[in-house]
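S.K.: Sequence:
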Amino acid sequence: MISALILVGGLCTRVNGYPKYLFTLENKTFLERQTEELRSCSDEILIVCRDEDQVAVLPVLHQVRYIQDLRKGQGPAGGIHSGAWHAEGEYFFVTACDMPFLNCVVIRHLINAVKGFDAAVPVWEDGRYEPLCAVYRRDAVREFYEKNDERRLSSLIQNLYTRFIPVQEIQALVPDKDVFCNINDLNSLSKIKN
Numbered sequence: 003m004i005s006a007l008i009l010v011g012g013l014c015t016r017v018n019g020y021p022k023y024l025f026t027l028e029n030k031t032f033l034e035r036q037t038e039e040l041r042s043c044s045d046e047i048l049i050v051c052r053d054e055d056q057v058a059v060l061p062v063l064h065q066v067r068y069i070q071d072l073r074k075g076q077g078p079a080g081g082i083h084s085g086a087w088h089a090e091g092e093y094f095f096v097t098a099c100d101m102p103f104l105n106c107v108v109i110r111h112l113i114n115a116v117k118g119f120d121a122a123v124p125v126w127e128d129g130r131y132e133p134l135c136a137v138y139r140r141d142a143v144r145e146f147y148e149k150n151d152e153r154r155l156s157s158l159i160q161n162l163y164t165r166f167i168p169v170q171e172i173q174a175l176v177p178d179k180d181v182f183c184n185i186n187d188l189n190s191l192s193k194i195k196n
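Just so we're on the same page, my numbering is the position in the sequence shown counted from 1, plus 2.
Think of the hints as simulated: they come from the structure by calculation, not from any bench.
Beta carbons: idealized from backbone N, C-alpha and C, even for Gly.
Just so you know, not all the hints are guaranteed correct.
[Unchecked claim] Pairs of lysine-lysine residues, derived as DSS-like cross-links and limited to a Cα-Cα distance of at most 27 Å, are as follows:
| no. | residue 1 | residue 2 |
| --- | --- | --- |
| 1 | Lys30 | Lys149 |
| 2 | Lys117 | Lys149 |
| 3 | Lys179 | Lys195 |
| 4 | Lys117 | Lys179 |
| 5 | Lys74 | Lys149 |
| 6 | Lys193 | Lys30 |
| 7 | Lys193 | Lys179 |
| 8 | Lys195 | Lys30 |
[As the list claims (entries may be wrong)] Label pairs and their in silico Cβ distance ranges:
| no. | residue 1 | residue 2 | range |
| --- | --- | --- | --- |
| 9 | Asn114 | Arg67 | 35 to 43 Å |
| 10 | Val59 | Pro168 | 15 to 23 Å |
| 11 | Asp178 | Ala58 | 34 to 42 Å |
Generate the whole structure from the sequences, applying the supplied hints.
M.R.: What follows is the structure, encoded as structure tokens:
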């Protein structure tokens, strides 16, 4: 069983507090686009929110579980920890809500690559990780966070038995889509719409 996490708990400070998961592209919100894609390559979808107030205002989506951060104010690390705690799958894919070009070809590639490892994480030539377009082994993440209060995802990745996948390998799978594109502001949103 494969779980999928969508992290939506950010404060959206670069967009004046407007929730990025409600940005639209091709008449669908980012959250709708992501859940539609993830239904094709995962067995369960969890939307990880910062608190119950955020859960209350999220759109209701079919066959999705909404969960809250266990570690408040910890950013993506808190979301991944919560997801690992609640995920039913042995492995889970994780993404941020501001990445509109998810692709199951890429996700399946990462799922196949993680076998025998604790994580499959894309890495750029300069050594930067893509921790929010990666697959993790649930129990390894749980164990890490039971022993660590670390907020940096790089620490998680470096402490797991991680298989690093070159970003170029991922990009070659879907050359017409920038699966690592994340939309941090309205200017970036405008660019992808044009």
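S.K.: Each of the hints needs a verdict: does it hold here or not?
M.R.: Structure-based check of all given hints:
A hinted pair counts as satisfied when its Cα atoms are at most 27 Å apart, and Lys30 with Lys149 does not qualify at roughly 40 Å. Among the hinted pairs, Lys117 with Lys149 is consistent with the structure: their alpha-carbon atoms are about 24 Å apart, no more than 27 Å. At most 27 Å may separate the alpha-carbon atoms for a hinted pair to count; Lys179 and Lys195 meet this at roughly 13 Å. Our distance criterion of 27 Å between C-alpha atoms is met by Lys117 and Lys179, whose separation comes to about 25 Å.
Our distance criterion of 27 Å between C-alpha atoms is met by Lys74 and Lys149, whose separation comes to about 17 Å. This hinted pair checks out: Lys193 and Lys30 have alpha carbons roughly 17 Å apart, not beyond 27 Å. With a CA separation close to 14 Å, the supplied pair Lys193 and Lys179 stays within the 27 Å bound. Under the criterion of a C-alpha separation no larger than 27 Å, the hint pairing Lys195 with Lys30 is consistent with the structure, at around 12 Å.
The hinted range of 35 to 43 Å is not satisfied by Asn114 and Arg67, whose Cβ atoms lie roughly 25 Å apart. Under the hint 15 to 23 Å, the C-beta atoms of Val59 and Pro168, about 39 Å apart, miss the expected range. Separation of Asp178 from Ala58 is about 38 Å and conforms to the stated range, judged on CB atoms against 34 to 42 Å.
When held up to the earlier numbered hints, the structure conflicts with 1, 9, 10 and fits the remainder.
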